[in-house]
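The listed protein sequences derive, respectively, from chains A and B. All the letters of the first sequence, read from the start, carry residue numbers 1379 to 1814 under the working numbering. All the letters of the second sequence, read from the start, carry residue numbers 1379 to 1814 under the working numbering.
Keep in mind the hints are simulated off the structure, nothing from the lab. Any given hint might turn out to be false.
Claimed, not checked - Derived coverage of chain B by chain A (criterion: at least 3 residues anywhere in the stretch with Cβ under 8 Å from a Cβ of chain A; other residues may be distant):
1. 1398–1409
2. 1522–1530
3. 1645–1658
Unchecked claim - One side of the interface only, derived from the structure: several residues of chain B facing chain A at Cβ under 10 Å:
4. 1457
5. 1712
6. 1713
7. 1731
What the hints assert, rightly or not - Pulled from the structure, derived: some chain A residues nowhere near chain B, Cβ distances all over 10 Å:
8. 1387
9. 1454
10. 1479
11. 1506
12. 1531
13. 1532
14. 1558
15. 1614
16. 1715
17. 1734
Every residue gets a Cβ at the ideal spot worked out from N, C-alpha and C, and that includes glycine.
There are 2 protein chains.
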Amino acid sequence: MTDIFEKKHSLLISNVMADERCIDIFIDETGTIAGMGEKERTTYKGEAEFIIDGDGAIALPGLVNTHTHAAMTLLRGYADDMILQDWLSQKIWPLEAHLTGDDIYQGTRLACLEMIRSGTTAFNDMYFCMADAARAVDESGIRAVLSYGFIDLFNAEKRENECKATENLAAHIRALNNPRIKAAVGPHAIYTVSPEGLRWCAEFAGEQKIGIHIHLAETEGEVNDCISRHGKRPSGLLDDCALLTPRTIAAHCCWLDDAECTLLGNRGVHVSHNPVSNMKLATHRAMPYPYLSAAGVNVCLGTDGCASNNNLDLFEEVKIAALLQKFYWNNPTILPSHDALLLATENGGKALGFGTGKLLVGTPADIVLVNTHIACNTPLHNADSNLVYACNGGAVETTICDGKVLMLEHEIPGEAAIRECAARAACELVNRARNS
Amino acid sequence: MTDIFEKKHSLLISNVMADERCIDIFIDETGTIAGMGEKERTTYKGEAEFIIDGDGAIALPGLVNTHTHAAMTLLRGYADDMILQDWLSQKIWPLEAHLTGDDIYQGTRLACLEMIRSGTTAFNDMYFCMADAARAVDESGIRAVLSYGFIDLFNAEKRENECKATENLAAHIRALNNPRIKAAVGPHAIYTVSPEGLRWCAEFAGEQKIGIHIHLAETEGEVNDCISRHGKRPSGLLDDCALLTPRTIAAHCCWLDDAECTLLGNRGVHVSHNPVSNMKLATHRAMPYPYLSAAGVNVCLGTDGCASNNNLDLFEEVKIAALLQKFYWNNPTILPSHDALLLATENGGKALGFGTGKLLVGTPADIVLVNTHIACNTPLHNADSNLVYACNGGAVETTICDGKVLMLEHEIPGEAAIRECAARAACELVNRARNS
């Protein structure tokens, strides 16, 4: 008997709920949604190699995580509850100095596993040894935009290296020729990259027609330092360097002022909100969703890395985004459940440019099924509300990306080995750091 | 073969982690932890009716939810994202007017199911038709302190009814003679209960030697109204009415000032933090944990009801408490993972007075086992960190209360029927309200 996990098959998913209708979904052998409606079961029954009984599950577009550092799963729980600078300089950076390419592979494999399990089918990554990350993404079956974290520390020699690494990654990803994997340019932030480096990144991304992934206005200190150094706020500096484009995803953005929101809107920048990380590291201001939204900015959602979250569950992130925006901006009507869910689906899809982030006939089948026969979906007065406020990623039972089944009724082939290899790699990493 | 779920049995739980040691736990047939250590397996093997292979799980004391309205599970997702007063007056109260005793029973059964599934073994409830709630708790196997929500709306006649209902509940619970169920007095809040009503509640609770459960300083409006009406802040008013005692649990407490924190500390009041509800309803100020902590107040944790959360997962609540305190008070070192976990275990245990909230020989076995062979516990650099920041309630695989196994490897007997009955009750409730 053929294994449903082995490759793409034509699939009939019967009896699922989408937009409050009970429908069937037919996916053809190319991984495209070929039919979606109330009678697809009768139309396509003979054509489907496999039938998945949805059993009343909610069908959603696969969630999109627009800011993370996937391999940092290996650092989950290694250090928490510290002042940001101490945490980085005493704990995170010393450990990262010992990371090998194989660690990046193992950590990214674990991250992909965790994302598949919690319903995420595409992510935006920034880290290093990205060829190893690409190998993990390729094997996992999900989608990713991969960027090398460009950090020149205002040093010309180091800048040369970073340009080279960025060029190499773009060439490597192009050579992979895997439609699920794209390269982006990853200038880390204004406080780690020189204006020359930022300009080079903008130019290279433009030439290559690839995305830009950057941290922006995460802390008040970053804004104040930028003003004293450059006489302008961070978004102004990025704009001078031509880095604000419709291909740019700016993460965090907690400390934007109104004019910056307008500027980002005018430039078509996508903003990735990371509420858990911002709260954990005490940025003390929430990304100004009401202002960004009014400025027409496409706001999407990211978990950040596992060292500052410490998981990759976008359902949890959606809930906390909806809660934080209400609490900080003092209005319980901000970011209602329907809109909150869009941050992680349509808006994320728009930002990464992998399809639409919607369930539509003729588009690649990135679909997750959420179990409705569990306490968090009982009762089911309002599916959007339950998905945002009551469920977590554990409610996802089946995950399909590009038409390939990656998890079926909570089963992911090879899961134990991925966890065990990552656990071993993390252990050995800490030992190497300790003994150095 | 005897059913492990049927009644209390002597149990040997082998190979679990507690306080970074790998141990076995022996529970005798009275439900008491009789042995706990590295060699209990050899000592007690012959005596155990059942052996549960912990398989490296983390053993924790059962979590304690110190503020909820359990039966409101039926309202999960019924109305969200509204201004507090509109939400209550247009949505929640009109629906609650149609709740029957059977609804309360079904809703509380669903709540208990959800709590067992996510590792909670005791809760502090305030609602109405509490005899029906007691029946659900009795059958579920977990512990609860039940209070009737005393609301006299400053009306003498209504006050008579509320006193009667409170006396009836106390008598009913005494007659049940179930050590897992206690009664408390539940004056709802200073804005719904007259000073005469508050004083009566204090007196009755003192006579009966039972607890007091009240909402306090949830919103800025409550504080401002209290000052204009009574010339003092809410805690001062409660103190005048003798309601601040070591048997009192005050929920929310977002808008306490420093002097109130000191007063609550001096009176031995327990404060139940409800971060999810506070964020969702936009209280705009976080409970002042640093000040309460400095004043020696026992701070514990509650989910609030499912209409304002919308689940009963205390693992999620612990994480959001740790995040919110850091973010609001602008310091990432506040409420580190070890302390955050204590809010939901030891501190909750202290507040409800059901045992110690610790795993100790000679105490009732309220134990939950958290799976370590899952992504959120990989790697396992620090168990407390993973439990707080990476896991949710879905990581709990086994729940034991008073020595009785309530969930074993995610299986809870009778679960489907409980969900189906609750879903039906919720549906009929909404229909009754619509047609009235």
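Hints, one by one, checked against the model:
no.	hint	verdict
1	1398–1409	violated (count 0)
2	1522–1530	violated (count 0)
3	1645–1658	holds (count 4)
4	1457	holds, 8 Å
5	1712	holds, 8 Å
6	1713	holds, 8 Å
7	1731	violated, 27 Å
8	1387	holds, 26 Å
9	1454	violated, 6 Å
10	1479	holds, 18 Å
11	1506	holds, 20 Å
12	1531	holds, 24 Å
13	1532	holds, 27 Å
14	1558	holds, 21 Å
15	1614	holds, 26 Å
16	1715	violated, 6 Å
17	1734	holds, 25 Å
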